[in-house]
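Q: Sequence:
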Amino acid sequence: MRVNVLQHTPNEGPGAIASWCYDRGHDMYVYHPYQFGKLPSAEETDMLVILGGPMSPNDDLDWIKAERTLIAKLIASDTPIFGACYGAQQIAMVLGSEVHKAPHKEVGWAPVYLKSHAINSLPEKMLALHWHEEMFEIPDGAHLLFSSDLVENQGFVFGSHVLGLQFHFEPLADNVREMVVNDGDYALDHNDLKQTPADILKQNVPAENKTIMYQLLDFIAK
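Numbered according to the working numbering, the sequence shown terminates at residue 1574, and the numbering increases by one at each position without gaps.
Hints were generated in silico from the structure; no laboratory data involved. It is possible that some hints are incorrect.
Straight-line alpha carbon distances no greater than 27 Å define the calculated BS3-like cross-link-like pairs of lysine-lysine that follow [unchecked claim]:
#1 Lys1477 - Lys1546
#2 Lys1546 - Lys1453
#3 Lys1467 - Lys1390
#4 Lys1546 - Lys1562
Sequences are here, hints too, so could you generate the full structure?
A: What follows is the structure, encoded as structure tokens:
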């Protein structure tokens, strides 16, 4: 299977998603549309992964609109799609929902709580990395999958092959360090989790997060 990954900033890479591709025998192709303006075609995409980034889906940029055109084609063909943070917001907009400022800016580690058993065997409570100040509304026909203490809409599943998370399960330890050393100042400005870059680095990435990431990708890929 060809897994096409859309990466939107150098310091937010695929992390455990790359490990999943390797372990499952899939070929991963990483695109950087914010820099090169290139996207895969729907015909050459067996799964699409849309990663996070500092931009907003509401930004008036041609490549952001082109991503949504691609997402719409893939949803119509029932192709598996996973979105993290900005990526989930892009999916939500394609499904007719709005993206706007969240009631709380979350940067750092905080628990999320399972709200639906649409995907079997997920824990009721998980510690995830948050790095956002916008949020999506849950699309019509989708199930609310996760909530946090500060922001209700943290994840959704649409049908059997489309999944969006406002937070991050994909970063491994190296990825967290890369995010913090390059974008740690984002945590210092009106962060409702009250965590500094040093606080974020002190927390070890929970071992279960990689397992959960695999479960989510297995679910939409089946």
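Q: Which numbered hints are broken by the structure, listed smallest first?
A: Violated hint (a single one): 3; every other hint is consistent with the structure.
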